[in-house]
Amino acid sequence: MNSQSISDATLVSQYIQGDEPSLSILIKRHQQRLYSFIYSKVYDRDVTEDVFQDTFIKVIRTLKRGNYNEEGKFLPWVMRIAHNLVIDHFRKNNRMPKFNNSGDFDIFSVLSDGALNAEGELVKSQIVHDVRAMVEELPEEQKSVLVMRMYNDMSFKEISENTGVSINTALGRMRYALINLRKLIEKHNIVLTN
Amino acid sequence: MAKLYIENPSDSNTLKPKTETINFLLNYSKALNVSVYKGHKFESLIN
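These protein sequence lines map, in sequence, to chains A and B. Sequential numbering from 87 applies to the first sequence in my numbering. Sequential numbering from 415 applies to the second sequence in my numbering.
Watch out, some of these pointers could steer you wrong.
Unchecked claim - Chain B side only, calculated, beta carbon under 7 Å to chain A, not exhaustive:
| hint | residue |
| --- | --- |
| 1 | K430 |
| 2 | L446 |
| 3 | L459 |
Source of the hints: derived by calculation from the structure; they are not laboratory data. What you are looking at is a predicted structure, and each value in this text was computed from that prediction instead of being measured. Don't be surprised by glycine CBs; every beta carbon is placed ideally from N, CA and C.
Kindly produce the complete structure, drawing on both the sequences and the hints.
This is the structure we're talking about:
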């Protein structure tokens with residue numbers, strides 16, 4: 087009988103019974119459609135090849151284990167497996183993005199060592215200077231708590247021991263210091279961004 | 415008449431898996447053996 091005329095269902099059942107050439111006919115019959123389907127999603131020949139291979143490995147395992155329910159829908163079932171594997175591929179790639187250094191895109195344009203350039207350094211020193219000047223305008227108690235916390239990196243417990251006030255009072259002074267700093271920023275119309 | 419050195423577009427545009435991939439799948443299928451023991455299925459690759 088001509089292999090073209092044999093239905094998918096017959097080929098599948100022959101394959102389950104051990105007829106290996108039936109698989110070859112099934113693959114050859116659907117390879118182009120399945121391959122194009124995968125390629126239309128991933129746009130990469132190598133990935134398409136991998137997903138195509140994984141799809142048929144899953145098909146082979148399911149058929150050999152006898153877990154396939156024949157409902158005359160072999161191709162939609164294979165397409166569904168491929169679709170799920172494509173989703174898996176994109177999920178994996180989201181966790182571990184792949185950068186292709188091809189064409190105009192250069193990976194080093196988005197990677198930096200974190201160091202500021204000359205302009206950034208200037209702006210940063212200006213910001214530091216402005217903040218220092220505003221801290222000087224704060225009431226003495228608030229200023230001392232803020233300096234100890236932010237510049238000397240002391241805990242509120244250490245600040246309370248150092249100034250002889252309770253931790254709650256130190257926290258309150260810090261809070262008012264920040265509120266007053268915000269007011270000063272608005273008053274002087276200062277922009278504190280780099 | 416000058417020869418035309420043009421790649422056949424019908425060949426280059428066809429989306430098909432590599433022959434190696436197909437051969438791998440067919441060999442994998444031949445090598446895979448599923449045996450059932452006490453209700454459990456075990457897979458083995460006989461190569």
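Consistency of the hints with the structure:
1. Restraint check, K430/B versus chain A: the minimum CB separation of about 6 Å is within 7 Å; hint holds.
2. Because the smallest distance between the Cβ of L446/B and any Cβ of chain A comes to about 6 Å, under 7 Å, the interface hint for this residue holds.
3. Annotation: L459/B was flagged as interfacial toward chain A, and the flag is violated, the nearest CB pair being 11 Å apart, outside 7 Å.
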